[in-house]
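Going line by line, the protein sequences match chains A and B.
Going by numbering that gives the first Met the number 0, the first residue of the first sequence is number 0, and it counts up by one from there.
Going by numbering that gives the first Met the number 0, the first residue of the second sequence is number 0, and it counts up by one from there.
If you are wondering where the hints come from, they were derived from the structure by calculation, not from laboratory data.
Every clue listed holds true.
Counterexamples of contact, computed for chain B against chain A with all Cβ distances above 10 Å: (1) I9; (2) V25; (3) A131; (4) R132; (5) L133; (6) A137; (7) L138; (8) K141; (9) K145; (10) N148; (11) T151.
Using C-beta positions, here's what the derived DEER-type ranges look like: (12) B:T29 <-> A:F510: 46 to 54 Å; (13) A:E6 <-> B:P16: 24 to 32 Å; (14) B:Q56 <-> A:G83: 39 to 47 Å; (15) A:T515 <-> B:T29: 48 to 56 Å; (16) B:D8 <-> A:S345: 51 to 59 Å; (17) A:F10 <-> B:P16: 20 to 28 Å; (18) A:L82 <-> B:P16: 18 to 26 Å; (19) A:W381 <-> B:P16: 57 to 65 Å; (20) B:G127 <-> A:E6: 54 to 62 Å.
Remember, predicted model here, so these are calculated numbers, not experimental data.
Don't be surprised by glycine CBs; every beta carbon is placed ideally from N, CA and C.
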Amino acid sequence: MWTSLPEFGSFVLFGVLIAAAYTFSVSLLAARSKPRLLDAARLGAYGTSALVMLAVSLLAYAFVTHDFRIRYVAQHSDRSMSLGYLVASLWGGQDGSLLWWLFLLSGYVTVCVRWLKGRYRQLQPYVIATLMVIMAFFAVLMLFAANPFETHIAGSPADGAGLNELLRNYYMIIHPPSLYMGFVGCSVPFAFAVAALITGRLDNEWIVAVRKWMLFAWMFLTIGNALGMKWAYEVLGWGGYWAWDPVENAACLPWFTASAYVHSTMIQERRGMFRVWNLLLIGITFFLTIFGTFLTRSGLISSVHSFAQSNIGIYFVGFMVVIVVTLLGLLVWRMPELTGRGRIESLLSREAAFVLNNWALLGAALFIAVATLFPKISEYLWNETVTVGPPFYNRWMAPIGLLLLLLMGVAPLLGWRKTSPEALKRAFIAPTTVALSIFLLHLFFGEKIGFPGIVSVEAAGESFNDEVLQKFSQVAPLITVALVAFNFTVVFQEYFRGVRARQRNSNEDVFTALVTLVARSRRRYGGYLVHVGVGLMFLGFVGKAWDLEQEASLVPGQSMEIGAYKLTYDRSEMTVDQEKRMVFAHMTVERDGTTQSLSPAQIIYNRMGTAQTEVGVLHRVSDDLYVVVGSINPTSKRATFRFHVNPLVIWIWGGVMVMLLGTFVSLWPEVSWKQLGVWGSVRLAAGAATAIMLTVLLAAAPARAFSEHADAPYGARSR
Amino acid sequence: MKLPEGLSDILFARVFPLIWIGGAIVGGVTLGAGGFFLLFSGGALLLVILLFWRSTQSLTEESPLSLEEALGLAAPTQEEERKQSVLRILKDLEYERAVGKIEDADYRELSERYRAEARALLSNVEEGLGPARLRAEALLEKRLAKSANKKTGETTTSKAPTDSAESAPTASSQARAVLVDEASSTPETEVAPALNPEGNSPPKLETAKEDT
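Working from the sequences, and respecting the hints, build out all of it.
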């Protein structure tokens with residue numbers, strides 16, 4: 000057994016391919032002529048998923064037993080690594096992360112097939128068959144291009160190369176699985192869309208079926224992207240959270256299209272319209288998850304996130320072609336049954352607002368996709384090297400983002416089909432009044448509190464576009480804050496009007512009316528909470544307009560000031576463990592009469608030889624003080640620092656939490672306590688407790704994984 | 000030897016995972032992380048074998064459908080789906096009126112339009128169910144009569160009346176058996192409306208979700 004573990008692992012991967020093919024065939028047989036075979040197909044799907052679990056377990060075993068015969072284990076771990084990092088190494092490199100992807104997909108398949116029992120009889124076989132095709136693709140990919148069980152040609156080394164130091168961080172441990180959960184989760188809605196197209200059951204059945212699956216995937220896309228931002232902010236040490244890196248962009252593309260879908264699906268549910276559009280959005284979202292993976296792994300573009308270049312790109316291209324051809328072919332085949340249902344009766348209707356919202360979201364995704372690929376397109380077509388940097392994205396995305404913020408506030412105020420002028424006036428008067436008041440207050444008093452409404456921005460060039468964008472960027476903070484106020488008032492008004500209507504009809508007290516209102520219409524009121532979260536995030540984003548940056552070279556005892564902060568460099572300290580040296584610059588920070596300490600650091604890994612920074616951050620509601628130490632002279636102790644004051648950043652993380660809370664409300668199952676039963680209630684409570692614990696953990700967990708001693712258990716602090 | 004279906008399900012779904020995960024945790028505690036993953040892998044391998052064994056058995060097995068499986072063969076017709084959609088729209092209209100997003104005149108016009116559509120759909124659905132319902136009732140009566148005759152015969156020859164009373168099918172299980180037989184032997188498209196649990200009772204406007 001021991002000598003054949005790598006071969007056995009490859010054999011299991013081969014088994015996954017065979018099992019997926021078997022389940023695919025049985026599913027199709029069950030769909031076409033023998034419905035009784037569905038049970039065999041369902042068991043086949045479980046078995047295929049169990050095989051993937053076996054493969055992951057074998058690889059984990061190889062990691063914890065340091066089986067360096069396996070090349071992937073030798074490349075991504077070493078004997079000094081703690082158990083936590085050894086397990087995290089499973090997705091630390093290309094081959095393992097593909098297996099991890101397949102593992103998450105198998106989790107979705109298991110839950111989906113279990114959930115499908117007794118439901119959607121006609122769609123079910125095709126859903127299983129489609130999911131099996133996706134599993135088979137990943138099995139083929141690993142078997143022929145990225146096998147995590149491949150052995151070293153030169154024999155087993157004495158020790159491994161270790162996990163990339165940049166990845167030895169709490170956020171990097173949980174960021175990829177979260178993002179993969181979102182990416183992989185889009186497979187289930189896609190499978191339903193394919194099943195609906197094949198069976199011709201194109202009404203609301205499949206839309207209702209995928210509602211929560213898409214929302215669940217969307218939630219993890221949100222978490223994954225937010226954790227990526229947090230990692231960039233806390234670890235990379237460049238002072239920001241989003242650099243428009245190609246891989247970051249690839250990760251946020253499906254988020255935009257999934258957001259468009261969760262809105263546009265409501266039009267189909269209510270009005271039976273946009274059936275082709277919804278199918279396309281599901282298809283595009285799934286396509287973008289594969290496209291994003293292709294960008295990260297093919298070596299097409301260079302990025303801080305990219306995996307090593309490899310030949311797997313061609314496999315992804317082939318799969319993307321299959322997705323496009325299948326989806327378009329099915330759409331063309333079913334087009335006569337999909338068209339000609341309903342029309343938008345008035346521009347002042349919610350469906351019209353949703354259409355605009357969809358175009359804005361899709362426009363944002365398209366803009367980001369084209370800008371991300373533009374350097375490659377330019378190189379290919381004109382043989383010119385073009386760089387598309389963060390300033391370009393920031394300039395163009397600001398108006399698109401604010402348009403989305405405006406539509407987010409307007410849509411809930413409009414009724415379905417049409418809104419009368421009187422109803423429109425009633426709905427808009429409070430939010431508009433509040434937004435205008437905030438606009439004026441911000442304009443006249445913003446500067447006094449350190450957040451001026453109009454800021455100075457340099458033009459990127461001399462063209463008309465550059466001038467327009469410059470003017471817009473100058474007033475963007477003013478518009479953003481007013482629109483956020485507009486959105487918050489809209490949400491408050493919606494809750495208020497709903498509660499008041501319940502009180503009128505049922506004589507309930509405010510609390511009961513509120514709880515009943517949300518409980519009876521979770522998706523609507525959960526969605527409004529998500530809007531509040533997005534508003535908070537926009538407040539965080541606009542903080543960038545007021546940030547401060549300064550560099551200084553200080554000796555111990557010397558002070559400097561930035562914004563309202565006074566910083567004194569007290570001393571330096573070096574600690575050493577078996578894998579790294581850590582040099583800390585201890586500082587005292589004073590603001591408004593309070594004193595705190597901060598210790599940014601430089602970590603020098605023995606194996607890498609190069610220094611990594613560990614950022615020192617003090618979080619406040621109004622701003623973050625962000626300190627990076629560049630170098631510390633071992634003799635004179637003189638240190639070079641870069642200081643940032645980043646206003647309102649904490650509101651971004653707070654906004655993400657509120658978005659998650661809103662998504663939880665929307666996802667909460669619509670069953671009564673009686674239906675749920677005792678065990679169901681216990682399981683639900685346990686699930687909710689786990690979710691809350693995870694959320695708190697995400698919010699409060701330490702980011703300073705670098706400065707932990709290698710011999711300390713994961714999570715223990717070295718100082 | 001074949002285990003009773005209920006027992007094998009319990010062993011498979013409850014006991015096996017307990018032994019598997021419990022064994023892996025004990026292995027982890029005693030042998031370290033390697034022991035955990037080794038035992039976990041062993042359990043996973045056993046699970047794979049069991050699942051594919053059952054799957055291939057299902058390919059050839061000729062056992063009758065369970066009620067759940069039979070009901071799973073039912074699928075709402077497009078008219079029923081449209082009916083659900085119209086009911087949801089009506090509920091939504093009520094909400095919009097309650098929170099003042101729609102004028103009374105518009106509400107009356109739209110409400111009347113959708114109520115008329117709902118009535119037409121309900122009527123169509125009922126008409127569509129008629130023949131299937133009659134056939135199901137006839138089959139049920141036939142099955143009950145057949146079962147009653149059989150039971151009479153068994154009672155006269157039985158030496159242990161209590162045992163036979165325990166093992167005799169109840170009226171509801173007989174009714175289920177009829178549906179199951181019907182489902183097993185009838186093409187899916189014909190069975191679907193007859194088995195649709197929603198279709199067997201008149202739909203209520205109040206049951207539509209308020210959810211948007």
